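At position 72 of the sequence shown the residue is numbered 73 (my numbering), and the sequence of numbers has no breaks.
Be a bit skeptical, because a hint or two may be false.
[Said to hold, decoys possible] List of simulated lysine to aspartate or glutamate pairs, DMTMM-like, C-alpha gap at most 20 Å:
#: 1; residue 1: Lys42; residue 2: Glu6
#: 2; residue 1: Lys111; residue 2: Glu49
#: 3; residue 1: Lys42; residue 2: Asp66
[Claimed, not checked] Quick list of the computed label-pair ranges, beta carbon to beta carbon:
#: 4; residue 1: Thr16; residue 2: Arg125; range: 30 to 36 Å
#: 5; residue 1: Asp120; residue 2: Thr53; range: 20 to 26 Å
#: 6; residue 1: Thr11; residue 2: Ser123; range: 38 to 44 Å
#: 7; residue 1: Leu73; residue 2: His41; range: 21 to 27 Å
#: 8; residue 1: Ser50; residue 2: Gly18; range: 16 to 22 Å
#: 9; residue 1: Gln55; residue 2: Leu31; range: 35 to 41 Å
#: 10; residue 1: Asp26; residue 2: Pro52; range: 28 to 34 Å
#: 11; residue 1: Asp120; residue 2: Ala2; range: 37 to 43 Å
#: 12; residue 1: Ala107; residue 2: Pro40; range: 18 to 24 Å
#: 13; residue 1: Ala98; residue 2: Ser123; range: 21 to 27 Å
Hints in this document: simulated from the structure, not taken from any laboratory. Computed from a predicted model, the values in this text were never measured in an experiment. Yeah, the Cβ is synthetic: ideal placement off N, Cα and C, and Gly gets one too.
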Amino acid sequence: AQELESLGCTAVETTGGAAVRFRADGPTALNCLIWARIPHKVMEFLSESPPTLQTRQDLHRYVYDETPVQNLLGNGQGGLLSLSVSTILNAPRQIPADINHSHYTALTVKNALCDAVRDLRSDRPNVD
2 AQELESLGCT AVETTGGAAV RFRADGPTAL NCLIWARIPH KVMEFLSESP
52 PTLQTRQDLH RYVYDETPVQ NLLGNGQGGL LSLSVSTILN APRQIPADIN
102 HSHYTALTVK NALCDAVRDL RSDRPNVD
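Start from the sequences and build out the full structure, keeping to the hints where you can.
What follows is the structure, encoded as structure tokens:
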């Protein structure tokens, strides 16, 4: 946490077992990628799901409705060309059984994002 604060991050807090959440503007986030020695991965936090999600369908609908897909991926004519989806399950025993497996949850998130892109540009993106 101290290392991130020294790089200019704000609202630094530990979360889960080994994760740290922080706020940073674009240049500060890039500095973290370059200069931070401790983290092995830096992910952009897009959303925290509400506790009302109970099923994969709820999760799909939430991601589809709440993720700014066009801001992330553009219209398919540029923008971000690749996206890696990860899910972080804090306290998985408290998460409904239908969505507490990180692999299948990540697939549900990926499908919702692909469906949103398909609806924006009339074709499903390549997910190789």
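message: Name the hints, by number, that the structure is in violation of.
response: Violated hints: 3 and 13; rest satisfied.
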